[in-house]
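Peer 1: The whole structure should be built from the sequences, with the hints applied where relevant.
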Amino acid sequence: MGQIFADLGGELITLLISVVGALPYVALYVGLILLASFLYTQVKQRLAATQDYTSLKTVTFGDESAVISNKAASVISIVLIFVIWGAFTGSSLLPKFLHAPGPFVGEATFTYTVEAEDGQKADATVNVLVHKAGEKPEAPVAAENDGIAKDDVLVVQAYRSKLLRWDANDEVTRKGGAKIIAVDGQPIDRDTDVQVGFGRVALTDKGTLNFEPSKGWQMENIWLPAPESVWKRLISVSQDGYQNVTLAEHLSYSLFRVIVGFALGAAVGIPLGYAMGLSNWFRGWFDPIVEFMRPVPPLALIPLVIIWAGIGEQGKIILLFLAALWIMAIGARSGVSGVNITKVHAAYSLGASKKQILRHVIIPNSLPEIFTAARVAMGVCWGTVVAAELVAAEKGVGKMIVAASKFQDTDIVLMGIILIGIIGFGIDMLMRWAEKYLVPWKGRA
Amino acid sequence: MTKPAPLDVGFVFNDFPMRTGGKTAVRRGGDAQRQIGTMSVTSEKDTSDRGLSIENLSMRFDLPNGSHVQALKDVSLDLKQGELLSVLGPSGCGKTTLLNIVAGFLAPTEGRIVLNGHQVFGPDAERGMVFQQGALFEWMSVRDNVRFGPDMKGMPKSESAEIVDHLLDVVGLQDFKEKMVYELSGGMQQRVALARCLANDPDVILMDEPLGALDALTREKMQSLVLKLWKETGKTIILITHSVEEALLLGERLLVMAPRPGRIHKEYRLPFADMGVGADLREVKKHPDYAPTREEILNMIWNMEEEIMGRTEENA
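Chain order of the listed sequences is Y and H.
Numbering-wise (this note's numbering), the first sequence opens with residue 9 and increments by one.
Numbering-wise (this note's numbering), the second sequence opens with residue 511 and increments by one.
Since the hints were derived computationally from the structure, they do not count as laboratory data.
Take the hints with a grain of salt, since some may be wrong.
Stated by the list, open to error - Here are the simulated lysine-lysine pairs, DSS-like style, with alpha carbons at most 25 Å apart:
1. 363(Y) <-> 667(H)
2. 414(Y) <-> 403(Y)
3. 687(H) <-> 444(Y)
4. 689(H) <-> 450(Y)
5. 667(H) <-> 362(Y)
Peer 2: Following this line, the structure appears as structure tokens:
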């Protein structure tokens, strides 16, 4: 037990350290927001001083109705995300001056000082050429020089590093007891690296030099591809597919599972909820089941569903059915329980039968609750289908990104995540629109 | 079914211009006025056994903690067809329980309700109810709300359309027929509730503080409307209210109930409801009997409330 606490404490400290490390960046972002807000306010005041009702309020802090989402802030927010993304990936969409310092590319030199066993010292120059990934430049030719240390040539790809076996052409060798004591005049040993301005030189355990060109502030493609490369991937994957499956196929499979799973869940869950809301016996029967299953995250069922139904469509649909079922049942139940008894009494004293009350009072009265539940259920289903595809699937957008991540196709992973977000948002907007159109009385009772 | 007869002169409820000066209202025979909402069948019946009688009603129910509440004890009352009864009393005197039993939503532990010669066992279209608020169906338009009763009976739309048009004229909401009920103000909603109740042509209309949630001005206008409807339709009406003024103005008979156990404390027969039909209710309030009666009833209720408070303090 004590060991667990110690381990968790250690994790917590590591976490806190990385949070503290991230603070300057967060502060920079918040600073940008505040700056934009300040500039916006200044410009707006100069342009046109509005005198609408809200702007005349003296109490705005704490007045919920005075706080309206600022459209300009939303636009700036989205633009800023793309600018930051582009700046730190050297995107060609951005003008050069907005780019964060990139990795060093080009030619440069540093010198090293060798001390032979007999105490003789000599300097040699290393001609370094750093090139971008995918390029195969011609290596520069080292000048012939006298002395026991000869000049070297080093060709390195940006973001990579390279060992320099400096004694390959020298008259003294490591075997002969020679060793490097300084780089660019600064002493070097196994624990002390030397910064040479365009990179870092370190001495390895075996006595060779390891050169690592400076990376700058930009992210390597493999960590974070530039926006345009994600866009290009979107085009290419939607046209040619990825691993022989087109994007449309991946997306249709995911959406198909969600829609069928949700439809089945609603088809069973809504009548179940009505039964629970209308009958003591059904309430008593299903309450323990529903109340137990509700807090079980559908993701926790994935292993069981895979064991029982395999990784085919059946398993996915069972999972999504279960994800939607409890949410819809609870929504329908509370929709029925939420009917104002005076409405039911009124309907009875207007001569309605039980069947008519169900049809004309209870069902319409529960529709707003059912719509809310449907929105939640669709969101949960969408999240669950992606997770289930991450675990095991043959097709689907989740399968696509997990396959891409194995080949470090980060651009496809990012594209998939963005598509998942857009589709999830689209589903929610669609449900909201349907709700507004189909149950306009929601919240008006 | 006969077509609904045209309304009497001056009945159209044109957004409350009803102050028709010192026009004296004379109560005429019941049947001739029973015209709203094709109320033809009832008017041809023999009226000798028509009326509502509440016979030795007691209501006593157990609480989860083992004790019990005597909500009503031995309440008896006879109402003739067309009588207007208002019920007053401090909180907890069983007014609403009484109304719920008459409506058929609750079964009494003793006694029975008899309407037009048959015993009442549950809710029925013959006893319409108007609630304080929240009883309209907000998923329906004004028209569909008013049409609800006839629809449930399976009356053809063409037939019910006439009733709806007619009643919406009566309550002054003809222009709002297509609106959804949540788009209406509180006073308009209560007018819809009244029209919906009348569309079903009930024998008895039960009103549970129907004007309680309205502002003072709207309330006064609605009181005039209730009086008009009562006179024109000849319905038996039981009206529960917290307002002594409303009980005086709208009660041909007025029942003051006492709490613990709920029982009839005193009954009045009052002239004000008849005087108020088609007249200015503020004029009615100037009647020499009005203020003394109001004071008497107010004192009565105050004393009951004090007694309850005193009893609670002793227990504490």
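Peer 1: Where does the structure disagree with the numbered hints, that is, which hint numbers, in rising order?
Peer 2: Violated: none.
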